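Asks: Here is how the chains run, residue by residue.
Protein chains: 2
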Amino acid sequence: MSADPTGQGPQDHSGRAGPTRGRGDPAQLVPAAAGGDRTAVARLISLVERGGPPARQVGRLTFPRSGNAYTVGITGAPGAGKSTLADGLIRLVRAAGQEVGVLAIDPSSPFSGGAILGDRVRMQDHAVDPGVFIRSMATRGHLGGLALATPEAVRVLDAAGFPLVLIETVGVGQVEVEIAGEADTTVVVVNPGWGDAVQANKAGLLEAADIFVINKADRPGAKETARDLEMMLMMTQDLGEWTPPILTAVATTGEGVDEVWEAVGRHRVFLDQAGLLARRRSSRLESEVRAIVSSRLEQHAYQACRGEEFHGLLSRVAARQLDPYAAAEQVLRTSGGGS
Amino acid sequence: MSADPTGQGPQDHSGRAGPTRGRGDPAQLVPAAAGGDRTAVARLISLVERGGPPARQVGRLTFPRSGNAYTVGITGAPGAGKSTLADGLIRLVRAAGQEVGVLAIDPSSPFSGGAILGDRVRMQDHAVDPGVFIRSMATRGHLGGLALATPEAVRVLDAAGFPLVLIETVGVGQVEVEIAGEADTTVVVVNPGWGDAVQANKAGLLEAADIFVINKADRPGAKETARDLEMMLMMTQDLGEWTPPILTAVATTGEGVDEVWEAVGRHRVFLDQAGLLARRRSSRLESEVRAIVSSRLEQHAYQACRGEEFHGLLSRVAARQLDPYAAAEQVLRTSGGGS
Chain H
1 MSADPTGQGP QDHSGRAGPT RGRGDPAQLV PAAAGGDRTA VARLISLVER
51 GGPPARQVGR LTFPRSGNAY TVGITGAPGA GKSTLADGLI RLVRAAGQEV
101 GVLAIDPSSP FSGGAILGDR VRMQDHAVDP GVFIRSMATR GHLGGLALAT
151 PEAVRVLDAA GFPLVLIETV GVGQVEVEIA GEADTTVVVV NPGWGDAVQA
201 NKAGLLEAAD IFVINKADRP GAKETARDLE MMLMMTQDLG EWTPPILTAV
251 ATTGEGVDEV WEAVGRHRVF LDQAGLLARR RSSRLESEVR AIVSSRLEQH
301 AYQACRGEEF HGLLSRVAAR QLDPYAAAEQ VLRTSGGGS
Chain F
1 MSADPTGQGP QDHSGRAGPT RGRGDPAQLV PAAAGGDRTA VARLISLVER
51 GGPPARQVGR LTFPRSGNAY TVGITGAPGA GKSTLADGLI RLVRAAGQEV
101 GVLAIDPSSP FSGGAILGDR VRMQDHAVDP GVFIRSMATR GHLGGLALAT
151 PEAVRVLDAA GFPLVLIETV GVGQVEVEIA GEADTTVVVV NPGWGDAVQA
201 NKAGLLEAAD IFVINKADRP GAKETARDLE MMLMMTQDLG EWTPPILTAV
251 ATTGEGVDEV WEAVGRHRVF LDQAGLLARR RSSRLESEVR AIVSSRLEQH
301 AYQACRGEEF HGLLSRVAAR QLDPYAAAEQ VLRTSGGGS
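Protein chains in written order, with this note's numbering: chain H, 1 to 339; chain F, 1 to 339.
Please keep in mind that the hints were generated in silico from the structure rather than gathered at the bench.
There could be a bad hint or two in this list.
[Stated by the list, open to error] List of simulated lysine to aspartate or glutamate pairs, DMTMM-like, C-alpha gap at most 25 Å:
| no. | chain 1 | residue 1 | chain 2 | residue 2 |
| --- | --- | --- | --- | --- |
| 1 | F | Lys-223 | F | Asp-258 |
| 2 | H | Lys-223 | H | Glu-255 |
| 3 | F | Lys-202 | H | Glu-224 |
| 4 | F | Lys-223 | F | Glu-207 |
| 5 | H | Lys-202 | F | Glu-178 |
| 6 | F | Lys-202 | H | Glu-241 |
[As the list claims (entries may be wrong)] Here are a few chain F residues that sit away from chain H, every Cβ distance over 10 Å (derived from the structure):
| no. | residue |
| --- | --- |
| 7 | Arg-50 |
| 8 | Leu-92 |
| 9 | Val-93 |
| 10 | Ala-96 |
| 11 | Pro-130 |
| 12 | Ala-147 |
| 13 | Gly-161 |
| 14 | Ser-282 |
| 15 | Ala-301 |
| 16 | Gly-307 |
| 17 | Glu-309 |
| 18 | Leu-332 |
Since the model is a prediction, treat every value here as computed from it, not as a measurement.
Glycine is no exception: its CB is placed at the ideal position from the N, C-alpha and C atoms.
Based on the sequences and whatever the hints tell you, model everything.
Replies: Dropping the structure here:
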């Protein structure tokens, strides 16, 4: 039960205004989660997902206990085989006796419910394994929501003692790519075929990648895709000391999954030896603080630049009755901020 | 004198706190500019450039008189030959008896002072022509400065009755590309050679382009560059009804400049017939209002996320003594905004 928390997820909207005392009290849940209570972990992530003051309290309590987990992002187009690859990696990790937390941000992921039967069956192998905790995250309605909620959810898993956290996101849209890129190691999954590498480039995935995996490499075109990726990397990236390896895999049979895991290990050693891991994490925290500040102010601007009144102002601007600065000043004055 | 206003530019810092009454009063300068007084035009742009309340007043006064000029952006890497192409276009426009205003945002442009002798000589042809007004714009120190100042300067020229405004920007950096992209027609200038097309792609110029010009096409590699551009367009763009033509030119000899001007005309007709011109302009005004609102709030965030206090907070976050939300809240509280 505790290893299959999807039932505790966004579906768990029982209509109560807030968390029940005790059951939903972060002050009790955080130590319980750290002590190995998986149900507590699931409840904490639900609180994070819902936002508001309880989420803030979870953040305050988990943050001092976090900073130990190594995070691996797995991203790529829908259907690229991210979950199957994640499943393969989980097997390797478990075979080595390590515990692992998984966050599925991808709405098409079988981990988050949109499964075909085969995937569900594989999933259930992990559902009875207390060393694996899998959790889906839903988009929260507000600006920057998921981008800001994900690091908080990672910290819940981190504080609960998972030494490794996998974050699976679908690599479409800036927010998803950003989330995947905010891991210690980011794995980008593509499929054979010219279009996929191009889509990955368009989506900004090339810049986020520490490792490329051409999955479904038994299909025609894998070599060409590797060449395309190599060319696009040369064309678009200023490669530093780490050149992202381009690996091939057939995740459904397990072929090449070992090599992916080895590459993750090599990247981790690289970051450690270059002194980049601590620096990356500090700069991620700095980005997070800036993102929270910006998000608050953006929400402010968003609230200000909408509605009938705003569109009335725009009509007057288009008719040259009101200049853009006067319109902006009116927007800021009405919303009472930014002055 | 009046056609060579570079002496009225950012160099004109006489140390006075504000504009002199009369000489610098927008209420007198705007009607004078509209009546053909080029010195008034130059002074108005200086006021716009300096910012502050006089710039706001210029904006208020020019805005109702604007909306008639057609704007053409010319952008590309430094040394691509943008100014030489602009010079060729100015000749064509003048030969047709039309007046033209030119804003040079490119710090390497001969129009803005960083010239080689040949360019200066050509420039001086226009300096004695009252039908051409050339003005450079300097970067103002604050966030979003030039991006926000340029449309204001365009409106000064527009209100002064120029039916055509050329905006030359160097296509490096997001702001410059944005400025060039905010014209009715945007011309992107590249040179033969693989690297240039790639740089243009990296800089985001491909998306901004309505017309490509491969200048210096007498050098080897022009055909390959055209092919590269075509491929990159296919790879990265969702082409709508307008497919940017890829032209070749040797601006120094005038070869191909006619074709560029014809393509600008075709694009203008296309925008008109598709009903896109009015829509583009309205949406540009909407973007401008949003940009002003965002810029105010960003300045707010920027002011908040700096200084000793901010870095002290970050150290405490890195040491896990303070969580990112608490840090952000403290930033916002200290700066007194966004709440």
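Asks: Going through the earlier hints one by one, which of them does the structure break, listed in rising order?
Replies: Structure breaks hints 14, 15, 18.
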